[in-house]
Amino acid sequence: MADFAMADLGYVSLLLCLILSLYAAGAAFFAVRRKRPEVFASAKNAVFVVAALSTLAVGILEWALITHQFQLEYVAIETSRAQPLLYDISALWGGQEGSLLFWAWLLAMFSAIVLIQNHDQNQELLPYVISGLALSQAFFFALMTIVADPSQAGFFVALPLNATLAGSLVGNPFRVLNFTPADGNGLNPLLQNPGMFIHPVAQYLGYVGFTVPFAFAMAALFTGRLSDVWIRTTRRWTLFAWLFLSLGLLFGMQWAYVELGWGGYWGWDPVENASLMPWLTGTAFLHSVMIQERRGMLKVWNLVLVMLTFILSILGTFITRSGVIQSVHAFGVSSLGPWFLAFLAVTLLAFLYLLFNRMDHLKEENELDSLISRESSFLLNNLILVGAAFATLWGTIFPMVSEGITGKKVTVGAPFFDQVNGPIFLALIVLIGICPLIGWRRATAENLIRNFLRPFAVSLIVAIALIVLGIREWYGVVAFSATAFVLATIGLEFYRGVLARHRQYNENLVAAAVNLVTNNRRRYGGYIVHIGVILGVIGIAGSSFYQVDTQANLKPGETVQLKQYTVQFDGLQAYPTENHDVVSARLTILENGSRVGTMSPEKDYYTSPDPNQSQSTTEVAVRTTPLEDLYIILAGFDTTAGTATLKVIVNPLVVWLWVGFGVLIAGTVIAAWPDPREEHALIRARVKEALAQA
Amino acid sequence: MSTVAAPTLEQTRPKTHALGKLKFVIGGLLILGAIAYVTLTSFQSNSIYYLTLNELNTQRATVIGQPVRVNAPLDKSSIQFDNSTLTLKFDLKDSGLVLPVVYKGVVPDTLTEGESVVVEGHLGADGVFQASTILVKCPSKYETQPTAAAAK
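Residue numbers (this note's numbering), protein chains in the order written: chain W, 264 to 957; chain F, 3 to 154.
Check before you lean on any hint, since a few could be wrong.
From chain F, some residues computed to sit far from chain W (all C-beta separations above 12 Å) [what the hints assert, rightly or not]:
| id | residue |
| --- | --- |
| 1 | A63 |
| 2 | I66 |
| 3 | G67 |
| 4 | R71 |
| 5 | S80 |
| 6 | S97 |
25 Å max Cα-Cα, derived SDA-like pairs, lysine to any residue [as the list claims (entries may be wrong)]:
| id | chain 1 | residue 1 | chain 2 | residue 2 |
| --- | --- | --- | --- | --- |
| 7 | W | K671 | F | F45 |
| 8 | W | K626 | W | L615 |
| 9 | F | K106 | F | N73 |
| 10 | F | K23 | W | F619 |
| 11 | W | K672 | F | N59 |
| 12 | W | K826 | F | S86 |
| 13 | W | K626 | F | V27 |
| 14 | W | K818 | W | T902 |
| 15 | W | K826 | W | F808 |
Not the full set, but computed from the structure, chain F residues with beta-carbon under 7 Å of chain W [said to hold, decoys possible]:
| id | residue |
| --- | --- |
| 16 | I37 |
| 17 | N85 |
| 18 | S86 |
| 19 | L88 |
| 20 | V108 |
Treat the hints as calculated values from the structure; they're not laboratory data.
C-beta: ideal position from N, C-alpha, C; glycine also.
So that you can see chain W by itself, here it is in the shape it has in the complex:
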């Protein structure tokens, strides 16, 4: 290891983080078992010190990235002198070692926040929560400091006392080169997009965030305190993690839409699937906990769901990091994969062991009464969400499984996922309309007619209108009339609530609507999330069923026609920018013959000292209206002849996907906003649990 003091400081910080995390885990456990509060205080201090030391390590790596300390291998790979500052900063999570550090750091911060939040509550659960969080952190710190690449050295653990050992520690972000390169390679140009700043961060906040509810679930299992206290305590952590997973999905899709240049936003790529799966199980969890809170049912199921969400989050990281599954996201060939699998296996076994040992504490307080009830519809929603997650998982990992068993590699692509998840999600949409309004325990005919007759009529009218307007594809008609049904049920519910307030408190309609939402944040926030999901579905249905495209090779002055658009090619333009060269096609757009604007799709050329590293990226041009996106790719050009080949796509309704996500985020924030009613419910749950324990 070459001599570089800052790198040593960074590495030693991480090593201390590992030791202190292990200490915190052990001490917290020991303290609660032997009733030694002073030991627990020391465990808490260790957690805070880990948060501080990992912040120091992140600070050092960021400093090295921003000031181009190329003697650090990670810096030499991820940054270059020409690279804009924004991408130097985001290089922290641009590569494997940095991502591990970023993950561990987030977890360390979350652990410290959990301690602060719970300084005067949940004292029975807290030691076990701390143990769980600290063990999870320790795993990530170990990956960075002491474990080797299993494919090269087996499952070998060592302190890097010499250069050979240090070189085999694949996860160490502070590896030092034995010389200082003049310049670095820089982040892959495809990653040089503002999306790089938000998509991975949101994704990580979501993945890491689910560790907190899972740690509480494990603590609840350990202590046998399996009422709804752990669920109510972590409700906002769960919403936080879920919100960021949703944001991760949104930014990922937008990024793919503008950067990858194929006209779509979702390709059922393994890593996309990896981010969707915990979102699906997390969504199921958010719903099924309501049944436990209200009726004391589905206890085991909720524990299983939060465990699945955690495991699928780690699996997502594993898939991204290991390169085991081929994907647009695959990182370099690295073999940390087996360590991830080992971690998952240990977690799963510990969970199952505890679960079976606590079965007597997990008795349901009530039983299901009727198939037509709120409980059943939630259960159905859960089965469907988990079913979708498993179908997706199956398609994602099957190539590995089949190769392992039969030696033949069989894969499936987008058509499989569309075919499976299409009907599953359609059923889910209809349930979004039914679940929140169907009666608890046993829905009466009156309840059904009151809530669903009019929405059903609306969906029939929409279906007929679509057919009259000339839409003949049955899947389009079914999808859009299902969304109309859901919007009508939610609209009816809002209308009734507003009207009731208007009559009862004599409020005007706007005040009544605002008060309705702010006085029932969780319920109406949830409805708003549902509206967002439905808007998103409208965008997805429109763009996947009704996309049209054409391509043309044009000389300057020539035009190409698609639907009501005329695209006129005015000529090529070439110019350099700060770190790349641009070739762009200047286009004039006419709609129904009248000029509506210009567009200029580009090809960007990034050159590098190493010719093998030079790369081009396609920058699409998009013109968005509420009805459709005009999406143009410069697919090829000939500078001597001055011609350009354009691919022109019209994507109907895409903007509603982004709008829907915006509404979903607003609804989640409303639902997660501190609410005195939820606080009281938590206190009641605590009292009830304390009485039960006594």
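With the hints as your guide, set chain F onto chain W.
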């Protein structure tokens, strides 16, 4: 909020319990069965063999015209792109075998730095592979390797 079911109600209908549970178990199994059925059938109708060049060569007779995925090293010197028709031609080369590939459409940005390529499509009777999708696979995908000198 947490007013839970009145216990009297539970006691008045003890017999419905066994039956009640059964109908939920059956309902749940039906739904899971339906999901599993859709998954398996779509899997069968959409699964494609994933072959190396050598496997493609030995199974040539059976795979002609069938959808397959082939993964092989890319011969970068063979890349030809016709701008006006967006027709891309290149060869995949592995241990003495050469597979000419034709693809129509927008070329992935990463093709030129690809070490190996995954093509999905079918092998024509003329021995040319008609690709419908190309996926570029490079070990240095998002993590570029340090230059040769930097490596050691």
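> Taking only the CA atoms, is the gap from K626 of chain W to V27 of chain F under or equal to 25 Å?
Replying inline: holds (17 Å)
> Does G67 of chain F really sit off the interface, with its C-beta more than 12 Å from all C-beta atoms of chain W?
Replying inline: holds (18 Å)
> Hey, does S80 of chain F actually stay past 12 Å from chain W on C-beta?
Replying inline: holds (17 Å)
> Holds or violated: K626 of chain W with L615 of chain W, Cα cutoff 25 Å?
Replying inline: The hint holds at about 17 Å.
> Against chain W, is S86 of chain F within 7 Å by beta-carbon distance?
Replying inline: holds (4 Å)
>> Verify this label for me: R71 of chain F is non-interface relative to chain W, using a Cβ-Cβ cutoff of 12 Å.
In response: Contrary to the label, R71 of chain F does not stay out of reach of chain W, its closest Cβ about 6 Å off (not over 12 Å).
> Do the numbers back the hint for V108 of chain F, that is, is its least Cβ distance to chain W under 7 Å?
Replying inline: holds (5 Å)
> Is it correct that the beta-carbon of I66 of chain F has no partner in chain W closer than or equal to 12 Å?
Replying inline: holds (18 Å)
> Does the nearest C-beta of chain W fall within a distance shorter than 7 Å of the C-beta of N85 of chain F?
Replying inline: holds (4 Å)
> S97 of chain F: least C-beta distance to chain W exceeds 12 Å?
Replying inline: holds (18 Å)
>> What's the verdict on K818 of chain W and T902 of chain W, does the C-alpha distance respect the 25 Å limit or exceed it?
In response: holds (11 Å)
> Should the interface hint for I37 of chain F be scored as holding, given a Cβ-Cβ cut-off of 7 Å against chain W?
Replying inline: Holds. Min distance 4 Å.
Going down the numbered hints, you'll see the structure goes against just number 4.
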